[in-house]
Structures are given as structure tokens and as C-alpha cells.
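J.: Protein chains in written order, with this note's numbering: chain A, 20 to 348; chain B, 986 to 1280.
Hints should not be assumed to be uniformly reliable.
Unchecked claim - With the C-beta cut set under 8 Å, the calculated list includes, among others, these residues of chain A facing chain B:
1. GLY37
2. ALA44
3. ARG62
4. ASP64
5. THR66
6. ALA69
7. ASP73
8. LEU74
9. PRO191
10. GLY196
11. THR209
12. VAL213
13. TRP215
14. LEU222
15. ALA316
16. PRO323
Rather than coming from a laboratory, the hints here were simulated on the basis of the structure.
We put the beta carbon where it would ideally sit given N, CA and C, even for glycine.
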Amino acid sequence: MTRFRAWYWLALLAVLIGIAMVAVAHGAVSVSLAAVVDALRGRGDPTAIAIVRDLRLPRVILGALVGAGLGASGAALQGSLRNPLAEPYLLGVSGGAAVGAVIAFALGAANDAIITLAAFAGGISAVFVALAVARVGGRGTRGDMRTLLIAGVIVGAFANAAIMVALARAEPNTVRGALWWMMGSAADATWERVAWLAASILLAGGALVYWAREIDVLSLGEDTAASLGVDAEKSGRRVFLLAALLAAATVSAAGLIGFIGLVVPHIVRRLGLRAHRPLIVAAALVGATLVVAADLAARTVAPPTELPLGAITALLGVPFFLVQLRRTA
Amino acid sequence: MILSRRIFRFLATLSLALAACDKQPSQLATLSDDFGDPVRIDHVPTRIVSLSPATTEILFAIGAGARVIGRSDFDLWPAEARAIPALGNGIQPNVEAVLGIHPDLVILYASQDNRPAADRLRAAGVNTLALRLDHISDFRRTAHLLGAILRDSARAKSVTDSVYHTLDSVRATTAKLARPRVFWHIWDAPLITVGSGSFMNELVEIAGATNVYADITGPSKPISLEDVAHRNPDFILAGPIGAQKIAGDPRWRIVQAARERKILIVDTVLVARPSVRLGEAAVSLANLLHPEARR
């Protein structure tokens, strides 16, 4: 913590704000920074005002929130599970959310809000199923977080099967809509959605930061945790649930966006962070930056078509991670 | 509208006359379908499964409706077609279900998804014809092909002539009018529009307008909302559900035409099929785009 100097934080924040500004100004229609400022104050060309206020700004903020949620969720999970492969989508959250969304699509849900709600409900239900499976399967291995991880993977596998069954029977337009949703996109950003996601992320993310010291203890192992007077099972469940909530909120807002939850914690640890309180905050900042950058690429690389954000995050993130890996190796 | 009603009456007469011309001498005919596969038709088919709306419409129009024993879920016109058993959505059809009703000709939409089904049906000894209808000329070609297979080329020709006659007259009416630039909203998630590879682009031009996405060469493509705003169309064409979504979604405010509620609602079942009702579709589009010249 002491080695992570103040200017590191400033740099992380500056990069995020810089990329966000470029993202607001750039797109199919380029708006100069002066025009962006004018548009924010409601002046100038009505199309520019609409583009900045109704489209780009909510979209950039939504992307940042999604990245922050996934980054923080991944950092908390990898720490508490002591597993560098742990990531929010392994908990069954993504599968459950996708089942919820696909069912909504298959029933012909025309409303974005209904699909979002269905995805959130699906994601959270999957987490509770995973917790129940772990409780049944974990008898005799109480407190072993690995049981929880396996339960999540199993629930996720079941969800994938359910999605395939649902899509095999669906009509082509439903399949297309559902696949597009699963590929992840920030294009459906609205202010209501941004507000809703911001509230969930502040709540669940704030709680994770609040209990970050317990994650520090968990990361030492269950036995050590027990010897330090921490109820490993109870803390582990709490972290699991909060991380899942974060992931479910992001998935319901923007579909499946891979890679961020898995690799952002690695990137942040390579910056030298170990304690989970700053680690979670930094993972949120880096995750936000990566998703905003990926979304900017998604809508500007191949106009007039937008590429799926979930693919771009990995396409951009993997080389970024490899460079980091090389530098620190 | 008068023209289209005339076509309807014409088609109804044709359908009534179909039973008379069943017995014709068998001939050998070899042709190739839109997968490029050779198809040998030795006799006039009597049990046809048609798994795309456009070909089903053509079969009814050329008087072969009574020979159609299977259709896709979307083949809803003419009304008699609804009485025929539906065999799924027409993409990757259940081969066993198709074979189960013993067809002697299966007509599939020639998309790559349907390739395995076409191969299997042929392997099972059923004549299978994969047809792709993207352009208005594909309608004429397909109608003439089906007319030849059913040994009634004259009737097929009179159907296509009548459609082309209507299209020509709409084109002539709109030729002198100002051409608004339009955006055609096909689907909202993802946002999809039509390109110049689609008959819908041709319909827009015949109806006296210009598609802002005519530079897309394929039949359709996903595009971004910002790009629509950038191209700034005069009007938005959309189905009833699409129009509702555009009107209710704040993000669409970035498109001037949406802000100004210049959304023209099209009948998607009428205008989305490259078939017998193309003329009627062109008339309805022209009426929407040029209400001042409405007849």
C-alpha cells in the first residue's frame, strides 16, 4: 500500500477521464470538445446535444460502471478464493443471467427493462442455487471455498444447456436478439439504466471495500483465517454474494463482457497492490478504463456496424496483459 | 390501391382454375438450383413442401396451391395457405417431419443453414430445390422456374408480367417527384437495415425515395444508431412494433427524423417478401412516401 504512491492513483484516474472524454467526443459523428461542453450545457446543434446527452454520455458512463463492477468483483473473488482463475462469470451468474434474458426474449419481451430485470433475476437465482448446491455438497468440507466455486461452475453448465434448449426451439429473430445480447453491448445505455447500475455498484462495491480486510484474511487460507478469529465460511459467503451481485448487475445492464473480471485483478496486482481495499478500488478504475476504451473501439473500428463489446474487451485486453506479463517477468 | 385489387382478383381467378390442368405429358427436365446443385424433375410434382413465404405465395399465384402439403410458420398469405400444416420456421427444417408427409418436391430457402437439410432430403430420394430470393428479378426467375416445373409457364409469366406492370407504373408515377432519403428499420436489437442487395432497396427506389444505406452491398446489415444520425434520413420506415420502439426510446432523439416523428409505418408482411405482392408493396410504399401524389 505504501509503495503505491499517490500519483499512481492520479494516473489511473487521469487515464480513465481522458479516455472517457475521447469516447464522448468520438463516434460515427465526431463532436469537438468545445461542442461537447456546449452540448452538455444544452447549447448548439440539437443533434449534437442529443448525441452527447442521450447517447454518448450514458453509454460511456454505463461502460465505465460495467468495467468497474467486473474489475472489483474479480479482484474480490480471486482474493477470497485464492484462485487466480476465479472470475465473476464462473459463479453461474453469467449463465443464470443469460437464461433469464433468453427466456424473456423467447417470450417476446419487447421492453428493455423487462429483459434487464429478467437477466438480473436469473443471475441472482443462479447464485442462490450455487450457494445451496455448495451447502449440500460441502458437508464435511465446511468453509472450503472451492466447493462454492465448483457449485458455481456446475450451475453455469446447467444454465448453458438450458440456453441451448431454449434457442434451439426459438425463431431466428429471437436467436439473433439473444446472441447479440450475450455478446455484450453498451449500446442500449439509457440514463435510467445508468442510475440503476450505479446504485447497485456503489452498494455492492462499497460493501466489498468495507469488508476488504476480511478478504485479506481469507486470502491467507481458511485455517489462518480461523486462527485469526474470522469465520471463513461466513465471510466467504458474504464476499461471494457481493461479487455475484456486482456481476449480475453488470450483466443485466450490458450482457456478457468477458475477460475484464478475470484479468483486471492480475493487471492491478502487477502494479504492486496486495491489500484488497486499494486493490478492489484500483481494479474498478482499470476495469472501467478498459471497457470504455473497448466500447470506443467497438463503435468506431468497423462503421457503420458496431462490433460486440464482449469480443473487443478480450481482443484489446489480451495483448495489453501480455505486454504487462513480459515487462514484469 | 386499384391496381393491387385487380391483382387480387386476377390471382383468385387463377386459383379457382387450377384443378383443370393437372394432366399433362411427363417430360424430363434438368435444372440447377441456387446452391448450384443439379435437380432433375421427371414428372410434375403433386406433393410440394414449400418452406419459404415467397415461394409459397408464388405457388398459390400460379395455381399450384392445392399441391402444397407443407409450409413454414411464416407462410401466411394467401389465407388458404394457413390451412396447410406448418413445418417449423423454414431454417434447418426437421428432415424427418418433412419426409413424413411424403413430398415429391421440397423447396427450401437457399441459405447455408439449409444446406445439410437439402443434402439429406436428396439422399432420401426427394427432389429438393434450394432457391434464394434477394432481388425483384429473383422473384421473376423463381416464378418462371416454378412455372416450368409445373408445366404452366404461361400462367407464371402472366403473374410476373402483372407484378412488373404495377412496378413500372409506380416507377413512372414517382419519377418526377422529389426523392426523400429514407432509413429502413428492420430490427432493433441489433439495429439492422437493408442494403442495395435487397429487393426492399429496389422497392424504396421504385416508390420514389433513396435508401441512405444503399452503399451496403448485401441484403441487410447491423448498423449503429449514431451512424443513422450521421446519415440524417428524411424519413424512417418501420413496422408497427419498430415504430413504437423508436418513438418511445430517448436514444432515438439523436436522429432528426425520429425527433420530428417522421416515421412511416409499413405493413411488414406485405413489404418484406419478394413475391407476388411486390406491386402492391410498391404502391403502399409510394402512398406513404408521396401522399401528395396518392391515387
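J.: Next, verify each hint and record whether it holds.
T.: How the hints compare with the structure:
1. GLY37: 21 Å, violated
2. ALA44: Since chain B brings no Cβ nearer than about 12 Å to ALA44/A, farther than 8 Å, the hint is violated.
3. ARG62: 16 Å, violated
4. ASP64: 10 Å, violated
5. THR66: With a closest approach of 6 Å, the THR66/A hint holds.
6. ALA69: Constraint on ALA69/A satisfied, holds at 4 Å.
7. ASP73: Constraint on ASP73/A satisfied, holds at 5 Å.
8. LEU74: It holds, given that the least Cβ distance between LEU74/A and chain B is near 5 Å, below 8 Å.
9. PRO191: At about 6 Å, which falls below the 8 Å cut-off, the nearest Cβ of chain B leaves the hint on PRO191/A intact, so it holds.
10. GLY196: Because about 5 Å separates GLY196/A from the closest Cβ in chain B, which is inside the 8 Å limit, the hint holds.
11. THR209: Holds. Min distance 6 Å.
12. VAL213: Where the cut-off is 8 Å and the nearest Cβ of chain B is about 12 Å from VAL213/A, the hint is violated.
13. TRP215: 15 Å, violated
14. LEU222: Not OK, violated: LEU222/A not within 8 Å of chain B, min 25 Å.
15. ALA316: Violated, about 13 Å.
16. PRO323: 4 Å, holds
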